[in-house]
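The whole structure should be built from the sequences, with the hints applied where relevant.
Protein chains: 2
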Amino acid sequence: MSPYELEQEFAELLAGSTPEIPSKAEFIAAEHLVDLVGVALAAVDEPAFHSLLRVYPPSAAGDGSARAWGTGINLARRDAALVNGFAGHFHDFDDDETELAMAHVTVTALTAALTAADSRPGTSGRQLLRAYILGFEAATCLGRLINPLHYKSGWHASATLGVFAAAAASGHILGLTPNAMRHALGMAASFAGGLRSNFGSDTKPLQVGHAVAQGVLASELAAEGLTSTPGSLLGPKGYVSFYGDGADASAVLAAFGAPFDLIGSGLTIKAFPCCTAAHTAVDGLLSLQAEQGFKAAEIEHIVCWVDPAVPNILVYDRPTTGTEAKFSLPFCLAAAAVFGRLNVTEFSDETVVHPDVWALMDRIAVQTDPGLPKGDSGISVSSRLSVTLRDGTRMERFTECVPGSSSRRLDRTRLFKKFQACTINVLGSGQTKAAFDALLKIAEVEDCRNLLDLICGQPAIHRIEQEQSVRARAK
Amino acid sequence: MSPYELEQEFAELLAGSTPEIPSKAEFIAAEHLVDLVGVALAAVDEPAFHSLLRVYPPSAAGDGSARAWGTGINLARRDAALVNGFAGHFHDFDDDETELAMAHVTVTALTAALTAADSRPGTSGRQLLRAYILGFEAATCLGRLINPLHYKSGWHASATLGVFAAAAASGHILGLTPNAMRHALGMAASFAGGLRSNFGSDTKPLQVGHAVAQGVLASELAAEGLTSTPGSLLGPKGYVSFYGDGADASAVLAAFGAPFDLIGSGLTIKAFPCCTAAHTAVDGLLSLQAEQGFKAAEIEHIVCWVDPAVPNILVYDRPTTGTEAKFSLPFCLAAAAVFGRLNVTEFSDETVVHPDVWALMDRIAVQTDPGLPKGDSGISVSSRLSVTLRDGTRMERFTECVPGSSSRRLDRTRLFKKFQACTINVLGSGQTKAAFDALLKIAEVEDCRNLLDLICGQPAIHRIEQEQSVRARAK
Numbered sequence: 000m001s002p003y004e005l006e007q008e009f010a011e012l013l014a015g016s017t018p019e020i021p022s023k024a025e026f027i028a029a030e031h032l033v034d035l036v037g038v039a040l041a042a043v044d045e046p047a048f049h050s051l052l053r054v055y056p057p058s059a060a061g062d063g064s065a066r067a068w069g070t071g072i073n074l075a076r077r078d079a080a081l082v083n084g085f086a087g088h089f090h091d092f093d094d095d096e097t098e099l100a101m102a103h104v105t106v107t108a109l110t111a112a113l114t115a116a117d118s119r120p121g122t123s124g125r126q127l128l129r130a131y132i133l134g135f136e137a138a139t140c141l142g143r144l145i146n147p148l149h150y151k152s153g154w155h156a157s158a159t160l161g162v163f164a165a166a167a168a169s170g171h172i173l174g175l176t177p178n179a180m181r182h183a184l185g186m187a188a189s190f191a192g193g194l195r196s197n198f199g200s201d202t203k204p205l206q207v208g209h210a211v212a213q214g215v216l217a218s219e220l221a222a223e224g225l226t227s228t229p230g231s232l233l234g235p236k237g238y239v240s241f242y243g244d245g246a247d248a249s250a251v252l253a254a255f256g257a258p259f260d261l262i263g264s265g266l267t268i269k270a271f272p273c274c275t276a277a278h279t280a281v282d283g284l285l286s287l288q289a290e291q292g293f294k295a296a297e298i299e300h301i302v303c304w305v306d307p308a309v310p311n312i313l314v315y316d317r318p319t320t321g322t323e324a325k326f327s328l329p330f331c332l333a334a335a336a337v338f339g340r341l342n343v344t345e346f347s348d349e350t351v352v353h354p355d356v357w358a359l360m361d362r363i364a365v366q367t368d369p370g371l372p373k374g375d376s377g378i379s380v381s382s383r384l385s386v387t388l389r390d391g392t393r394m395e396r397f398t399e400c401v402p403g404s405s406s407r408r409l410d411r412t413r414l415f416k417k418f419q420a421c422t423i424n425v426l427g428s429g430q431t432k433a434a435f436d437a438l439l440k441i442a443e444v445e446d447c448r449n450l451l452d453l454i455c456g457q458p459a460i461h462r463i464e465q466e467q468s469v470r471a472r473a474k
Numbered sequence: 000m001s002p003y004e005l006e007q008e009f010a011e012l013l014a015g016s017t018p019e020i021p022s023k024a025e026f027i028a029a030e031h032l033v034d035l036v037g038v039a040l041a042a043v044d045e046p047a048f049h050s051l052l053r054v055y056p057p058s059a060a061g062d063g064s065a066r067a068w069g070t071g072i073n074l075a076r077r078d079a080a081l082v083n084g085f086a087g088h089f090h091d092f093d094d095d096e097t098e099l100a101m102a103h104v105t106v107t108a109l110t111a112a113l114t115a116a117d118s119r120p121g122t123s124g125r126q127l128l129r130a131y132i133l134g135f136e137a138a139t140c141l142g143r144l145i146n147p148l149h150y151k152s153g154w155h156a157s158a159t160l161g162v163f164a165a166a167a168a169s170g171h172i173l174g175l176t177p178n179a180m181r182h183a184l185g186m187a188a189s190f191a192g193g194l195r196s197n198f199g200s201d202t203k204p205l206q207v208g209h210a211v212a213q214g215v216l217a218s219e220l221a222a223e224g225l226t227s228t229p230g231s232l233l234g235p236k237g238y239v240s241f242y243g244d245g246a247d248a249s250a251v252l253a254a255f256g257a258p259f260d261l262i263g264s265g266l267t268i269k270a271f272p273c274c275t276a277a278h279t280a281v282d283g284l285l286s287l288q289a290e291q292g293f294k295a296a297e298i299e300h301i302v303c304w305v306d307p308a309v310p311n312i313l314v315y316d317r318p319t320t321g322t323e324a325k326f327s328l329p330f331c332l333a334a335a336a337v338f339g340r341l342n343v344t345e346f347s348d349e350t351v352v353h354p355d356v357w358a359l360m361d362r363i364a365v366q367t368d369p370g371l372p373k374g375d376s377g378i379s380v381s382s383r384l385s386v387t388l389r390d391g392t393r394m395e396r397f398t399e400c401v402p403g404s405s406s407r408r409l410d411r412t413r414l415f416k417k418f419q420a421c422t423i424n425v426l427g428s429g430q431t432k433a434a435f436d437a438l439l440k441i442a443e444v445e446d447c448r449n450l451l452d453l454i455c456g457q458p459a460i461h462r463i464e465q466e467q468s469v470r471a472r473a474k
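Residue numbers (numbering that gives the first Met the number 0), protein chains in the order written: chain X, 0 to 474; chain L, 0 to 474.
These are calculated hints, taken from the structure and not from any lab test. Every value quoted in this text rests on a predicted model; they were computed, and no experiment measured them. Don't take each hint at face value.
[To be verified] Derived Cβ-Cβ restraints for the label pairs, each shown as a range: (1) Lys416(L) - Thr319(X): 56 to 66 angstroms; (2) Ser50(L) - Asp244(X): 30 to 40 angstroms; (3) Ser50(L) - Ser152(X): 33 to 43 angstroms; (4) Pro235(X) - Ala250(L): 27 to 37 angstroms; (5) Ser50(L) - Pro354(X): 53 to 63 angstroms; (6) Glu223(L) - Arg317(X): 23 to 33 angstroms; (7) Ala250(X) - Ser50(L): 19 to 29 angstroms; (8) Ser1(X) - Ala358(L): 27 to 37 angstroms; (9) Asn178(X) - Arg125(L): 32 to 42 angstroms.
[Unchecked claim] Computed cross-link-like contacts, DSS-like style, restricted to lysine-lysine with a CA-CA straight-line distance of at most 27 angstroms: (10) Lys236(X) - Lys373(L); (11) Lys151(L) - Lys236(X); (12) Lys416(X) - Lys23(X); (13) Lys294(L) - Lys416(L); (14) Lys151(L) - Lys23(L); (15) Lys416(L) - Lys23(L); (16) Lys151(L) - Lys151(X); (17) Lys432(X) - Lys23(X); (18) Lys416(L) - Lys440(L); (19) Lys151(X) - Lys294(L); (20) Lys416(X) - Lys440(X); (21) Lys373(L) - Lys151(L); (22) Lys432(X) - Lys416(X); (23) Lys432(L) - Lys416(L); (24) Lys151(X) - Lys373(X); (25) Lys236(L) - Lys236(X); (26) Lys373(X) - Lys236(L); (27) Lys416(X) - Lys294(X).
Note that the Cβ used here is the ideal one computed from N, Cα and C, for glycine as well.
Pasting the structure below:
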């Protein structure tokens, strides 16, 4: 098949009603929905989120609008897509796919689907899950064609692939024809952007929000009949040859949905709100500590062996802000040891300058080990730790799999604990459990807007309005 | 200086009040303003423009809104930026810079400035021109660092550089501090996207509209305090190393504004609404025809020699749509010969299938000549024609400079003729001359909103509302 025929086939697969979505995929997808909503709500009280909201004037409810989660504020649909995508990725706590897309995928695919569903009454939960799963598949298919070169060379795949995930998911809910879906994907190719060099600042989540908004826009414009040029995705000078090394798409498309990557290689629900590349090391240290009962002050030094690619991902040896700290292996290990946990609160700017954390960072050495077991991406997520206490005790820990990954899925208790920690300030204790249970049952929902009502409550509106009026008076 | 210091210096130059803008630059800038407004208004009656407007719900006038030119419709500022940028580039008739940015620059820099000024009462014409000129300079500076490799490899520089032009111009009007300007430029680096593979469809002007909107957004977010990571523009893995070959910025910044590129190498005001790469050939053929008085039917055959890079830019041998035709040298030559002119109306889908044009295309051969004189870009804009008539007459024509370029500027009569042809349907004959004269005097204007009133008139609102209600009834 020519690249043009392959591109058309890809659009047909994403727009079409076949193949069937297995119920196992729906079951898994619902857990990822819960997780995304949780981590997005955790951003609602952040000053950066409020700054972002200030540039988007609230719009009237109704035609073309959707809500910013956790606030109830109506925004133009694309603006809501950006704001919710930004929130979903703000804490870097949203799920992650480290082998194929090498990207946070749910935040783009599912945010686009939810935003489209919020503006399109009557979208069922099952339709939503289908749109999300197909959007996810769009990212992993394209990821197979351009990674690991793409990610390794410095592109932020969550954004540069996410725009396709969002276009496919939103386009599916809008009911695009295969031809319109192809136009949407071609447009998305021109909207793709995002650099890893912007990690450690507000622009990282902004890149993700931008990908969601532009994916939604591409699907809307294609629905209105605007066109892209055939070949812009898979043709000789199209996206895949541009952002990767021009791999052949036929084998990848032949394997589409058999099985869906969401139930095949799967996604990691993050146990810690920092870059996934730090997760096995943090998990190893926390489990050693839980087992052996030592305190941070007792540690003489830690040596941590990681894949040779990791120091280029976790680039901050001595972070100065919470966002930089998420990309600092010494910080993540030190903070975990000092506090005995690693949640959103551990990445505050206060913790970053905490003297105990700072002191322990100086006693942590990061080394690379090319022999750690590698996955499809060619980068190992495994790590080895050697912890030496002041009394001379020496412990080792090899951690192969990331907690929350498909081979070590978080159980419902741990999933709820994470959801609760993320949402309690926004939803309150009563609504937290109700929202968790309802979100898990999304496949039975007749109109996703009812579900979104649960996470777009009045209290949050009041809080933000209050704050805005305080700010207005202060000016 | 380190890349980080250079990046900061770049931001300071773009945000600062020095260097002085010479009055010659203001004089030239005003002509480019007239030209941009004209070509944008020529798009207002296009079906694609109306399709685009349908996804953007009108917003209330006032805070954060700006108008879609030629319609009077208020949109959220970034949406207006996208819509106006799309219109400005729709016919590919907006001015072009072929040596440094290798991009249409005015459409991004000036649309961003005008949109910002429309939403910020009291912005003077002089402030606007300054913002435009600095935005223009942002694109040419960065263009020097990444071109010609960037454009040649397939990036659409009008979009990938335009986002910086827009961020700088809008940021200047918003009064960003140098530090905020650096954050805006860093964000813009993550929003940069656009592929030449999408030439020949609605996505080409859409890429430009996207660049304007995202540049405006970057400046607004930076004004609200959102951050990007130092080095995302000029650092080791930043935009310049990513989208080009990582050239050193120090020499380029040392020459900033001395002279401004707008009055140095300058911009081409396009005489024909097709890709600039076709212009010397079309100009040569039209002038031969005017001098010798032959008709298209008398032509036996034409051979046209162009730079070896041109067939990769003018990719459509046999275009099937008006947008493809803009990137077809055989079409542009054949249509010019058949109609004796090449204006917006010659790129209708009807003309594309016109039998006389089609017949002549078969008698036109495009050849490459590596010996044509090259500019800074390494690509020649010159062309050589050999026209043989059926009676055996043979004529040659070498055309070195693009009509409308800085060495062959269009005179005011020709500038008005172009403006009039573009705007007459929207402004009517009375307002056309008044708008032309007023726009040229922009340097004296106290509030740009008054100037924009002239091109955002009531009549156009009525026309579009009428059409929308007809459409609503038809549904």
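Right, here's what the structure says about each hint:
1. For Lys416(L) and Thr319(X), the Cβ-Cβ distance of about 59 angstroms falls inside the hinted range of 56 to 66 angstroms, so the restraint holds.
2. Between Ser50(L) and Asp244(X), the C-beta spacing of about 36 angstroms keeps the proposed range 30 to 40 angstroms intact.
3. At roughly 36 angstroms, the beta carbons of Ser50(L) and Ser152(X) sit within the given window of 33 to 43 angstroms.
4. Between Pro235(X) and Ala250(L), the C-beta spacing of about 35 angstroms keeps the proposed range 27 to 37 angstroms intact.
5. Taking 53 to 63 angstroms as the suggested C-beta distance range, the pair Ser50(L) and Pro354(X) conforms, at roughly 60 angstroms.
6. For the pair Glu223(L) and Arg317(X), the supplied restraint of 23 to 33 angstroms holds, since their beta-carbon distance comes to about 28 angstroms.
7. Distance hint check: the CB atoms of Ala250(X) and Ser50(L) are about 37 angstroms apart, inconsistent with the given range 19 to 29 angstroms.
8. One distance hint, 27 to 37 angstroms for the beta-carbon pair Ser1(X) and Ala358(L), holds here, with the actual separation near 30 angstroms.
9. As the Cβ distance of Asn178(X) to Arg125(L) is approximately 49 angstroms, the hint placing it in 32 to 42 angstroms is violated.
10. Proposed proximity of Lys236(X) and Lys373(L) is supported: the alpha carbons are some 25 angstroms apart, at most 27 angstroms.
11. Proposed proximity of Lys151(L) and Lys236(X) is supported: the alpha carbons are some 11 angstroms apart, at most 27 angstroms.
12. The suggested pairing of Lys416(X) with Lys23(X) holds, with an alpha-carbon distance near 23 angstroms, which does not exceed 27 angstroms.
13. Restraint check: the Cα-Cα separation between Lys294(L) and Lys416(L) comes to about 24 angstroms, which is no more than 27 angstroms; the hinted pair holds.
14. With a C-alpha separation of about 32 angstroms, the suggested pair Lys151(L) and Lys23(L) falls outside the 27 angstroms cut-off, and the hint is violated.
15. For the proposed pair Lys416(L) and Lys23(L), the alpha carbon gap of about 23 angstroms is at most 27 angstroms, so the pair holds.
16. A distance of roughly 24 angstroms separates the Cα atoms of Lys151(L) and Lys151(X); the hinted pair therefore holds under the 27 angstroms criterion.
17. At most 27 angstroms may separate the alpha-carbon atoms for a hinted pair to count; Lys432(X) and Lys23(X) meet this at roughly 23 angstroms.
18. Distance restraint check for Lys416(L) and Lys440(L): the Cα-Cα separation of roughly 18 angstroms lies within the 27 angstroms cut-off, and the hinted pair is therefore satisfied.
19. A distance of roughly 58 angstroms separates the Cα atoms of Lys151(X) and Lys294(L); the hinted pair therefore is violated under the 27 angstroms criterion.
20. Between Lys416(X) and Lys440(X), the direct Cα distance comes to roughly 18 angstroms. Compliance with the 27 angstroms bound is thereby established for this hinted pair.
21. This hinted pair checks out: Lys373(L) and Lys151(L) have alpha carbons roughly 15 angstroms apart, not beyond 27 angstroms.
22. Among the hinted pairs, Lys432(X) with Lys416(X) is consistent with the structure: their alpha-carbon atoms are about 10 angstroms apart, no more than 27 angstroms.
23. The straight-line distance between the Cα atoms of Lys432(L) and Lys416(L) is roughly 10 angstroms, inside the 27 angstroms bound, and the hint therefore holds.
24. Of the supplied pair hints, the one linking Lys151(X) and Lys373(X) holds, its CA atoms being roughly 15 angstroms apart against a limit of 27 angstroms.
25. As the CA atoms of Lys236(L) and Lys236(X) are separated by approximately 23 angstroms, the hinted pair is consistent with the 27 angstroms bound.
26. A hinted pair counts as satisfied when its Cα atoms are at most 27 angstroms apart, and Lys373(X) with Lys236(L) qualifies at roughly 25 angstroms.
27. Restraint check: the Cα-Cα separation between Lys416(X) and Lys294(X) comes to about 24 angstroms, which is no more than 27 angstroms; the hinted pair holds.
Checked against the numbered hints above, the structure breaks hints 7, 9, 14, 19 and satisfies the rest.
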